[in-house]
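Taken in sequence, the protein lines are chains A and B.
For the first sequence, this note's numbering begins at 716 and goes up steadily by one.
For the second sequence, this note's numbering begins at 716 and goes up steadily by one.
Because the hints were derived from the structure by calculation, they are not lab data.
Model, not experiment: these values are computed from the prediction.
It is possible that part of the hints are untrue.
Intra- or inter-copy, both count: the list cannot distinguish identical chains.
[Said to hold, decoys possible] Quick list of in silico lysine to any residue cross-link-like pairs, SDA-like style, CA-CA up to 20 Å:
#1 Lys804 <-> Glu1038
#2 Lys765 <-> Ala867
#3 Lys1016 <-> Arg994
#4 Lys766 <-> Glu816
There are 2 protein chains.
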Amino acid sequence: MRITDIETPAILIDLDIMEANLQRVAQYAHRHDLRLRPHTKTHKITALGKKQLDLGAAGLTVAKVGEAEIMAGTTPDLLIAYPVVGRSKLERLMAVTKQTEVTISLDSIAVARPLSDAARAADTEINVLVEADAGMGRVGVPPAELVDLAKAVSKLPRLKLRGFAFYPGHIKALDDDGRAQIGKLSYLIDSLVKEFKAAGLPADIVSGGSTPTLYHSHEVAGLNEIRPGTYIFNDRNTVECGACMWDDCAATILVTVVSTPRPGHMVIDGGSKTFSSDRLATGGEPTFGLIREVPGALFHKMNEEHGYVDLRRAERQDFEVGERLRVIPNHICVAMNLHEQVYGIRGDSVEQVWKVEARGKLQ
Amino acid sequence: MRITDIETPAILIDLDIMEANLQRVAQYAHRHDLRLRPHTKTHKITALGKKQLDLGAAGLTVAKVGEAEIMAGTTPDLLIAYPVVGRSKLERLMAVTKQTEVTISLDSIAVARPLSDAARAADTEINVLVEADAGMGRVGVPPAELVDLAKAVSKLPRLKLRGFAFYPGHIKALDDDGRAQIGKLSYLIDSLVKEFKAAGLPADIVSGGSTPTLYHSHEVAGLNEIRPGTYIFNDRNTVECGACMWDDCAATILVTVVSTPRPGHMVIDGGSKTFSSDRLATGGEPTFGLIREVPGALFHKMNEEHGYVDLRRAERQDFEVGERLRVIPNHICVAMNLHEQVYGIRGDSVEQVWKVEARGKLQ
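The following block holds chain A by itself, in its conformation from the complex:
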């Protein structure tokens, strides 16, 4: 099978680039003695999770129980980096613990107590990381409350406190401000580790990191586990935040020109159902991807099945219906979630067709 045989729109994964991306982070983690537990939300494919483990990852990370069910058979160790709430989800989670070692990150006793009850009922044990808000304002308790939460969790039966987690999603880019924030983060995490030790609490696992800060993880004192996701493919967000170059983007979305009704404009057969409508995380102009063949074109608007491309500043304007283009999306994780299958390519050959097995696992 060749790329020309693929119907559009479709996600292509350049295997050479992907393998180099996987190697780079595996080596970085090894060099700095950081435990690597990649977040599989980016690829959602068990074969790629296995590849990450083969390259030295200690385990895998997921967000939802439905994703855990998909990945459980692949990995000896699984972190669910999301509070699991609700009786039937807890029951499904207990079944996952029969297949693999499970760790949950959580930020409240309201989540921890039913988890403890469920583990007792299922006669199993769950590892727990308590989660601190390192500045993003999403989940996680304020750092000053982390030790109290950890103490309370450590008293609950069948929960084994292993340390703490955080996600520095507030650091958007590696500019001067970003670097200054990494310094502050390091001070915060180091202080929390010291507080845990002083309180006699375990901090075997201090799990954090994000894509922009990935290669600065070793600068965060006390951090010993990273769980990056996007690095396997990279995307426009990764480039824009300074964590990779355009040539490190393994995933492109193959599209076809379907309409050229007005000079200087064209319509491609991918819109929000293909790319998602995610804007750039760093802000900036609200465009939806970089068209590799014409980087000067503006992919400026979408409907579900239509992508609007303004060619007036592009390197070429004379596109014809039927021509195919490859677009680096803003955010590859959400795009993967929209595709039933993706294609692993090398040059013009299709080497792999992967089902996106954990696609749409919302629960």
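Could you slot chain B onto chain A? The hints should help.
Frame of chain A, contents of chain B only:
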């Protein structure tokens, strides 16, 4: 099964409201002698397409061949309102013509010619609507070029020109400006019909309309077919553009509060993987849905699995982990595409569990 048995996040369809919505548009179309060919992109479920046909729809509309393959067995008549480009898609389309009467809307000879060739090779015939740009600037030729395109299409073998199509997506709301634009649109469509007649071209089908303009379709002279989609469920966009009331929104997304780490804020278990990251079509504040229980809350930010809710102006602030809420999404079509199944409810009872069969049919 009851609503309390459903794991979150999940789409609930209030069947009483949905049935009233279906009736309302069926009656409107009947009263004004408009052919109704609902766009199934909103629901993506064959059972609901069948319900639309049972209520008098003349056929169904889809965007992609993959959706046509799903709906073909349900309807005697199918409009693919999208240019079909590429050999393998045309082959699949020809297989669909063996199951149901197919019409394609297109805007170029570059799309029409391979379609004609494919129809000849398959020994079949395809109905065609040529598409005009009525002001949206997406697909469609400028109105002044429509008759020439129609003439060229009508000369191609195995294509049967039936009339023309347009989509007035530039009319965003029914304010004074929107009403003025409907007047202009009526003048344009009426002129095109007269041009077609003068040129001896068929205009049996003049297909148009959009959600904001839905109940004004009869004011557009010459228009004889409408293909609304969203009306079956309605959403925040439909309310904001003035085409329905909040109580007409049949679809809500059931979510659970998973974190309340800071006073005045909470995190729900639905983000862009559940709702899509579509903003309001009318612009306005960039929020992602209306929380029915606390309309004053601001659902202001998302990550893939996290919804950030600012409660500081809300009717209630004291939410606890585990509480469930129902959110009217900005755009229900894209949300449906993210869910494997949806739940038809009446009161607290779950009457139907529907697989979203045409979900993710991108090709």
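Tested hints:
1. Lys804 <-> Glu1038: Classified as between: cross-chain Cα gap 15 Å, same-chain 46 Å, threshold 20 Å.
2. Lys765 <-> Ala867: Neither, since 35 Å and 55 Å both go past 20 Å.
3. Lys1016 <-> Arg994: both (11 Å within a copy, 12 Å between copies)
4. Lys766 <-> Glu816: within (19 Å within a copy, 48 Å between copies)
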